[in-house]
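Protein chains: 2
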Amino acid sequence: MAPPPSTVVSPVTAVLLRILTFVFLLVSLVILITNTVTLYLSIDSIDEITKLHFKDVYAYRYMVASIVTGIAYTLLQTVFNIFQVSMGKRVGGVGLYQFDCYGDKVMSYILATGASAGFGATIDLKSAFSLGAADKFFNKAIVASTLLLLGFLSTAISSVFSSLALPKRD
Amino acid sequence: MAPPPSTVVSPVTAVLLRILTFVFLLVSLVILITNTVTLYLSIDSIDEITKLHFKDVYAYRYMVASIVTGIAYTLLQTVFNIFQVSMGKRVGGVGLYQFDCYGDKVMSYILATGASAGFGATIDLKSAFSLGAADKFFNKAIVASTLLLLGFLSTAISSVFSSLALPKRD
Numbered sequence: 001m002a003p004p005p006s007t008v009v010s011p012v013t014a015v016l017l018r019i020l021t022f023v024f025l026l027v028s029l030v031i032l033i034t035n036t037v038t039l040y041l042s043i044d045s046i047d048e049i050t051k052l053h054f055k056d057v058y059a060y061r062y063m064v065a066s067i068v069t070g071i072a073y074t075l076l077q078t079v080f081n082i083f084q085v086s087m088g089k090r091v092g093g094v095g096l097y098q099f100d101c102y103g104d105k106v107m108s109y110i111l112a113t114g115a116s117a118g119f120g121a122t123i124d125l126k127s128a129f130s131l132g133a134a135d136k137f138f139n140k141a142i143v144a145s146t147l148l149l150l151g152f153l154s155t156a157i158s159s160v161f162s163s164l165a166l167p168k169r170d
Numbered sequence: 001m002a003p004p005p006s007t008v009v010s011p012v013t014a015v016l017l018r019i020l021t022f023v024f025l026l027v028s029l030v031i032l033i034t035n036t037v038t039l040y041l042s043i044d045s046i047d048e049i050t051k052l053h054f055k056d057v058y059a060y061r062y063m064v065a066s067i068v069t070g071i072a073y074t075l076l077q078t079v080f081n082i083f084q085v086s087m088g089k090r091v092g093g094v095g096l097y098q099f100d101c102y103g104d105k106v107m108s109y110i111l112a113t114g115a116s117a118g119f120g121a122t123i124d125l126k127s128a129f130s131l132g133a134a135d136k137f138f139n140k141a142i143v144a145s146t147l148l149l150l151g152f153l154s155t156a157i158s159s160v161f162s163s164l165a166l167p168k169r170d
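Chains as they are written, first to last, in UniProt numbering: chain A, 1 to 170; chain B, 1 to 170.
You can't tell identical chains apart in this list, so a pair holds if it fits in one copy or across any two.
Dumping the calculated DSSO-like pairs for lysine-lysine here, alpha-carbon to alpha-carbon at most 30 Å: (1) 55 / 126; (2) 51 / 126; (3) 140 / 55; (4) 136 / 126; (5) 136 / 51.
The set of hints was computed from the structure by calculation and includes no laboratory data.
Extracted from the complex, chain A is given alone in its bound form (with noise of 0.2 Å):
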């Protein structure tokens, strides 16, 4: 008889797991930081020339924040299982199999609230300054966010298997 397949994976899918996530929190990032538009506004018969830039959205800072953490937290745990897969065993033990477990699920809900959040100033935004220049400004925030939705989820997968993989070293 076989034996009854584990609920873990390889340390090698995992480390590819996390280099999936820091490779859209990547681009997400370096997207939503370089987005720029040159707004010429005529108000009151007084033209106006605004510049838009990430930090003149609230949402947009937030996800700025929420992607730099998660680049962090990935980068730290892909050395850990870099570790992990050439030394053949896990760095810090038990311990460490709690903090992947806790740190992914945190890390999963502040991921998806940056790209909620993002999706939700954009998206009515958009609607409610339907200017030609703002349009594209707004799209390429739009791809920001559907590359931290796709961070999100590669993280919330890892968390699926943390937390499998809790209980077998505790």
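Keeping the supplied structure of chain A fixed, place chain B upon it in accordance with the hints.
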């Protein structure tokens, strides 16, 4: 020697946590769907009367959808937990523990994204439209988002308990 502390909470605590979640979500829903404001706008010397409702903001529609899903799920879990308290055993057996674990996980993500979409849209729309009457509308939306956030937090706590309960029943 005292027995090791159980990581699973009593069914009574579980019921109370579900009822708390239900109350947060219900009050949030009532505030959100009864929130309206009439705006008197003057655009190009033409007076316009616009009535704002939750349906006019996409993020609030998503909030309502996430709250309704959360209320349905919480009611179902409350019934299961009350049955467990009164009968002294869990309805449905081992399969239901997995339903609890993954259900709580997915539901907490839905509520977290609902709350943050609400905050994301409201804070930026509020700063973009600095009208006295609209301010009241957005302030009520912030209250609804905060209650939804509390509903998420209590579901996240339920999720930690149901994750810890799962390996004990496998």
